[in-house]
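Q: Listed below, chain by chain, are the residues.
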Amino acid sequence: MNLLSDEILNKYIDGDLDYASLKHVNEVLSSSVEDKKRLQALLAVHNQLKKIKEESTPNSFTNLVMKRLQSRNKAFKEQRHFVFAVSSIFISILLVIIGLIIYYGLNQSSETQSSQTYTQHIIPFFNSIAYGITQIFTPRGISVFGSVISLGILISGYFFFENLKASKQKINKSQ
Amino acid sequence: MKDLTDLEIIASVKRGNQADYAIIIDRYKNKAFSLIKRILKNEMEAEEVLQDCFLKAYNGLRSYRQEAKFSTWFFRIVYNTALSKVSARKRKIENEMSSLEDHFNLESDYDYQVTENSDLSSFVNIMLQKLPSNYSSVLSLFYLNEMSCEEIGDVMNTSVANVKVMLHRSRNALRDLLIKKDLMREVS
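Read top to bottom, the protein sequences are chains A and B. Using the numbering used here, the letters of the first sequence map in sequence onto residues 1 to 175. Using the numbering used here, the letters of the second sequence map in sequence onto residues 1001 to 1188.
Chain A with its partners taken away, still in its complex shape (with noise of 0.2 Å):
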């Protein structure tokens, strides 16, 4: 008949028990010939598994990880230049923008204004600002500049997806 269930014997082995139940669990052992053999199998289990080895990786496991992290990474390097690219030219032409607002505004300020105090500058600056706006966004305007940025973004557009098929290939290749 067993005493010891096998939750006991288990806390036995991994030192879970308190001082009190050991003293219990050993009494026991030493008058259950079945409690120790039960105790002995599980130890004997608990033995051999602390034995078991780990299993080996091929020898050029590492060097296929650092390859494909590396090609990985030189793809994701290629994008952001890209990107990198793309932007640069959307901030370029948006500063080409900022300046002909500017320079239609200061030429026109320099016409109305030549000799005011710094404050009194402001208002007809901005006055000048918004005007360079009008002269910009005419009707005329508009259309040459929404043709210029739709041009844009439909030629990075397509390169953005060309570079992120190919970078796609790169990757599976390096698998």
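Hints in this document: simulated from the structure, not taken from any laboratory. Misleading hints may appear alongside valid ones.
[As the list claims (entries may be wrong)] Below, a list of computed lysine to aspartate or glutamate pairs in the EDC-like style, where the Cα atoms sit at most 20 Å apart: (1) B:LYS1164 <-> A:ASP6; (2) B:LYS1180 <-> A:GLU34; (3) A:LYS11 <-> A:GLU34.
Quick caveat, the model's predicted, so the values are computed rather than measured.
Please arrange chain B on chain A, whose structure you already have, making use of the hints.
A: Same frame as chain A, but now just chain B:
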């Protein structure tokens, strides 16, 4: 360089020394491979999954906050990736993982013949392959990786009590079979 701690190596990788990641790979590849192989029970797939795990871990290094040990964090990735693979293979892993009510019958899987060459070691290794993946994972993490029950709970996203129950059940199952098949002769 190989004496450096995981955290020191990770700091170096984060500084841009990508090559140092190879030390981390060398350090954990075999243990992780053993775990994945026990879950997937397929060597080729295990190798593929392991590669993905190292790539995932590399990409996630920036989000690693050092709240847990690197090994615990990494093995959580390994365990979850392996489980995802199992799900992808349309195995009903949920049934296996959802509760501790599930039972396994090692004896019905037992095809191990006691011969003159058979020993306790090969018996344990064979039976380890027969255990359900969550039970063999617990044994692998406990004995091979020498993780505590708390760490295993973190890796497997389960409570310490559940980990202990799985550990005890696995041992008991192996022991019962050991007694039944009279392999105890070797022990005594």
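Q: Which hint numbers does the structure go against, in order from smallest to largest?
A: none
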